[in-house]
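There are 2 protein chains.
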Amino acid sequence: MSTNDTDRKPARGTRGPDRVTQANLRDVALHAKVSVATASRVFADNPNVNPDSRDRVLASARELGYVVNGLARAMMGRGPQSIAFVVRAMIGPTFAALAAGVESVAGRNGHLVLMSATEGDPERERDLIQVLRELRVKAVLLVGSTETDVSFDERAAGYARDLAQVNASLILCGRPPVAGHPQLVSVDYDQPAGVSAAVDELVRLGHTRIAYIGEGPGMTTAELRLHGYQTALRRHGIALDPALIRVAANNEADGARAADELLRSGTTVTAIVTMTDNIAVGAYRAARALGISLPDQLSIIGFDDAPVVGDLTPALTTVHPPFFEVGVRAAEIALGLAPRDHVLLPTRFVLRESAVAPG
Amino acid sequence: MSTNDTDRKPARGTRGPDRVTQANLRDVALHAKVSVATASRVFADNPNVNPDSRDRVLASARELGYVVNGLARAMMGRGPQSIAFVVRAMIGPTFAALAAGVESVAGRNGHLVLMSATEGDPERERDLIQVLRELRVKAVLLVGSTETDVSFDERAAGYARDLAQVNASLILCGRPPVAGHPQLVSVDYDQPAGVSAAVDELVRLGHTRIAYIGEGPGMTTAELRLHGYQTALRRHGIALDPALIRVAANNEADGARAADELLRSGTTVTAIVTMTDNIAVGAYRAARALGISLPDQLSIIGFDDAPVVGDLTPALTTVHPPFFEVGVRAAEIALGLAPRDHVLLPTRFVLRESAVAPG
DNA sequence: AGATTGCGTGTAACTAGTTTCACAAAACGT
DNA sequence: ACGTTTTGTGAAACTAGTTACACGCAATCT
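Each protein sequence line maps, in turn, to chains A and B. Under this note's numbering, the first residue of the first sequence carries the number 1, and numbering increases by one thereafter. Under this note's numbering, the first residue of the second sequence carries the number 360, and numbering increases by one thereafter.
In short, the hints are calculated from the structure, not lab data. What you are looking at is a predicted structure, and each value in this text was computed from that prediction instead of being measured. The C-beta atom is built at its ideal place from N, Cα and C for all residues, glycine as well. Be aware that one or more of the hints could be misleading.
[Claimed, not checked] Rough simulated footprint, nothing fancy, chain B against chain A, three-plus residues with beta-carbon under 8 Å:
hint : segment
1    : 55-68
2    : 79-85
3    : 134-144
4    : 212-226
5    : 328-338
6    : 346-359
Please model the entire structure based on the sequences and the hints provided.
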């Protein structure tokens with residue numbers, strides 16, 4: 001035994017010169033005069049260990065500053081697993097609420113959450129999923145609106161296949177199931193229904209000249225919300241007027257620009273439904289700048305129920321999407337706590353001051 | 360060789376019955392008729408590999424559906440490392456901006472970001488850091504306001520020590536350095552200076568009865584911002600009136616409650632500085648409800664420059680903290696791209712409509 | 001008393017990679 | 001043609017754990 005002892009240099013690994021080599025399980029076992037197996041059992045909370053040995057191992061661990069190597073553990077399929085949260089950009093309360101929902105479930109169940117942003121770059125997306133696959137994450141949540149073209153559908157199906165290879169799953173959050181690939185589970189909120197509810201309310205109030213401002217086609221959220229507007233109007237027997245549909249990027253400045261153009265176009269408009277609260281705020285600005293009084297001369301309804309919009313003048317009527325709940329449900333599926341079925345959560349229409357009967 | 364072949368059962372590991380065992384490097388090497396060492400070199404992008412062997416290995420890998428095991432790699436100190444982002448709660452644009460800053464740096468440098476919430480529970484915080492330590496993260500960013508008592512300071516120093524043991528570091532974000540532990544690096548923005556700038560502007564406009572509404576003592580952000588108010592008043596030779604300092608939780612409803620009590624207390628108040636925009640929005644509500652006209656009868660200045668507050672009526676004057684930049688700088692230190700020095704970033708005063716000369 | 005059960009433990013074989021070292025063969029220089 | 005480098009490769013020893021299996025010994029059961 002003593003030969004074996006001297007045989008082993010104090011720091012076996014010949015790494016960096018300054019880096020004090022970390023004590024490992026072997027060192028602890030040796031110091032506690034037990035086998036590695038017994039030492040391992042102590043840290044794995046295996047009950048079949050003599051209390052005496054356990055104490056010696058724990059004491060040695062403390063003395064040597066031993067910290068279990070979670071990576072070695074993970075390799076054996078032990079220890080906490082992780083799920084990945086992949087989003088286009090970490091922006092705003094939407095991201096925060098979704099992330100919080102995911103983390104709350106993961107945290108409660110001893111899982112870790114990896115968060116990454118793709119910046120909309122498919123190459124980065126692909127690289128990221130490759131890395132996550134190598135790290136054997138349990139699931140990848142692909143969060144948010146995505147391109148509506150087939151290229152995304154195929155990409156996503158490829159990711160799902162690749163992930164399945166390592167027993168991981170892909171879950172889409174905040175966008176609907178992919179057309180040709182029903183096995184690709186989606187957790188979404190009913191975006192068209194949300195916008196339809198807004199239109200319904202305006203029609204009920206007596207509006208017929210209802211405009212829509214939102215992003216142009218290409219992304220799921222843009223198309224779904226526009227679609228909600230169109231189907232609601234059709235359902236009410238109101239003809240779609242192309243002059244009433246305007247394209248704007250999802251920010252206040254461009255929303256203001258689009259609203260300004262719309263309001264100065266000469267077309268009669270008594271109400272505007274916007275794709276997002278951001279655009280609605282832009283519409284407020286444009287209307288104000290043109291001397292249009294809100295809400296009596298123009299009703300505006302947003303979407304997202306962002307913070308503070310309820311304190312605008314007039315308080316913005318909007319649609320509240322259950323972002324936190326989407327995160328929760330997606331995480332539950334990711335962890336196998338819920339069946340792998342598509343989920344479509346309802347939105348809540350929030351009637352405030354900005355929608356009234358036409359003047 | 361054929362004996363060796365049959366000797367190995369197709370699925371060596373006797374794991375779950377349905378789970379098709381993953382091909383590993385040995386399988387690939389065998390299939391490509393090279394040694395594991397050579398196969399390893401192929402995936403490690405080691406140039407000393409015959410193109411012919413490389414092709415055979417890659418072909419075998421494809422055929423067997425081989426995915427490098429990143430966990431095994433990580434154990435060897437290869438592959439992507441990760442940094443952890445630990446926050447009290449994943450709420451609002453503050454969290455989002457900080458997270459985005461961290462992720463942008465980490466992502467660009469091939470690192471992964473683990474995000475977790477403590478919910479303010481020190482036990483969960485401790486467990487979390489233990490897990491992160493075991494997983495050999497490169498750094499833990501402890502984000503946001505923390506308790507001001509010594510218990511936190513000691514806890515944090517303990518975390519730093521524990522993390523140092525595994526060559527990881529602790530970085531505090533959005534709170535100042537810990538008093539007795541200067542080695543504990545902090546990345547913060549100048550919170551007192553931000554509030555002071557708000558007070559300075561109000562004094563310049565002619566206000567002397569300037570109230571403050573914010574959280575009570577106990578957390579760093581609450582104390583720093585209040586302190587900025589107090590020092591600015593003192594600097595201007597204005598006596599501190601305890602009746603002008605009100606406590607409110609950081610939300611609109613409680614901000615409204617506190618503002619209501621203040622405005623109905625009989626004390627003269629011509630301006631309110633609030634700890635956060637949330638509270639400022641509550642103050643708007645309370646003032647409105649009491650028939651006080653904004654901004655001519657009452658100036659209000661917030662802090663955080665949350666989205667949409669610039670579109671309130673009147674547009675909220677506030678202080679813009681560089682949250683994204685804080686995240687960036689913290690991540691740079693975490694990755695060793697910047698020196699381990701304390702960072703204190705400036706805030707930007709955003710003058711809008713809610714602060715005017717007293718009526 | 002003899003058989004049976006069960007606890008505690010160690011050996012050795014796993015998890016899946018990387019890397020050092022030695023050694024051959026090919027390429028290059030004289 | 002001969003020595004020297006370069007290149008490519010494989011065996012084996014590492015990274016740091018877990019765990020199946022066997023075995024000794026003590027406690028309980030017939």
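Evaluated hints:
1. Counting residues of the segment 55-68 of chain A whose CB lies closer than 8 Å to any CB of chain B gives 3, which reaches the minimum of 3, so the coverage claim holds.
2. Taking a C-beta to C-beta cut-off of 8 Å, the segment 79-85 of chain A contributes 4 residues in contact with chain B, enough for the three needed, and the coverage statement holds.
3. Given as covered by chain B, the segment 134-144 of chain A passes the check, having 3 residues with a CB less than 8 Å from a CB of that chain where 3 are the minimum.
4. Only when three residues or more bring their CB closer than 8 Å to a CB of chain B does the claim for the segment 212-226 of chain A stand; here the count is 0, and the claim is violated.
5. As drawn, the segment 328-338 of chain A meets chain B at 0 residues by the rule of a beta-carbon pair under 8 Å; below three, the given contact is violated.
6. Counting residues of the segment 346-359 of chain A whose CB falls under 8 Å from any CB of chain B gives 0; the rule of at least 3 is not met.
In this structure, the earlier hints numbered 4, 5 and 6 are contradicted, and the remaining ones agree with it.
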